[in-house]
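Student: Listed below, chain by chain, are the residues.
Number of protein chains: 2
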Amino acid sequence: MNALGRHFLVELWEASNLDNPPLVEEALVETVRRSGGTLLDTKIVEFPNGACSGVAIIAESHLTIHTWPEYGYAAVDLFTCSKDMDPDAGIDALRKYFSPGRIQVVEVKRGLTA
Amino acid sequence: MNALGRHFLVELWEASNLDNPPLVEEALVETVRRSGGTLLDTKIVEFPNGACSGVAIIAESHLTIHTWPEYGYAAVDLFTCSKDMDPDAGIDALRKYFSPGRIQVVEVKRGLTA
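Line order of the protein sequences matches chains A and B.
In this text, residue positions in the first sequence follow our numbering: the first is 1, and each later residue adds one.
In this text, residue positions in the second sequence follow our numbering: the first is 1, and each later residue adds one.
Treat the hints loosely; a few may be bogus.
The list makes no distinction among identical chains, and a pair is therefore deemed to hold if it is satisfied within one copy or across any two copies.
Unchecked claim - BS3-like mimics (lysine-lysine), calculated; alpha carbons at most 27 Å apart, straight line:
| no. | residue 1 | residue 2 |
| --- | --- | --- |
| 1 | K83 | K96 |
| 2 | K43 | K83 |
| 3 | K43 | K109 |
It is worth saying that the hints were derived from the structure and are not from the lab.
Can you build the whole structure from these sequences, using the hints too?
Tutor: Structure, rendered in structure tokens:
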């Protein structure tokens with residue numbers, strides 16, 4: 001079976017800096033860079049409680065983050081159609097920016113073809 | 001267990017209109033509308049073979065699509081932190097725009113709290 005895309009669902013818990021949208025945007029850019037992706041555009045939306053949503057569109061698909069500062073939680077998705085991207089290096093960048101006490105990662109194969 | 005977000009991973013196969021970026025963008029907007037989301041911004045990126053990536057940032061999180069016209073395949077993600085959004089209505093909109101022969105949907109609970 002071949003997958004057209006690899007989709008990493010990343011859960012950050014006990015994390016810091018989740019209410020700092022400029023830093024969240026910087027983290028997205030750095031996560032793309034470290035994982036070897038090609039950044040096309042970013043967009044950050046702030047919410048009144050300091051939470052934010054961020055999207056990086058990359059040539060290889062996307063990277064998104066949604067933060068819940070009140071829970072110390074962020075949901076990150078890295079979707080790539082490239083076999084050359086290195087998600088582990090990207091996750092190292094997330095560790096650097098958000099210092100999570102726990103990280104859970106699930107990889108989902110998307111578009112499985114026989 | 002309570003989930004902070006519901007994340008629907010949607011696989012469209014034997015689908016049409018995947019190489020029509022303006023229509024893909026319209027489909028994103030309509031999928032958000034039908035599912036009861038609040039659209040904040042959209043972005044579409046076209047690739048040379050007609051494939052495209054689309055992102056809708058919504059107040060409730062995000063909707064993305066990546067198309068592989070050569071496989072008749074699209075990967076759609078609907079992530080919502082709102083209990084009020086109706087993903088089934090959104091999927092009906094996807095059916096209308098892309099006429100997929102097959103749809104697979106997986107729901108992933110994100111940010112599970114005890």
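Student: All hints, please: hold or fail.
Tutor: Verification of the hints:
1. K83 with K96: within (24 Å within a copy, 32 Å between copies)
2. K43 with K83: The answer is both: 25 Å in one copy and 24 Å across copies each meet 27 Å.
3. K43 with K109: Both: 26 Å inside a copy, 24 Å across copies.
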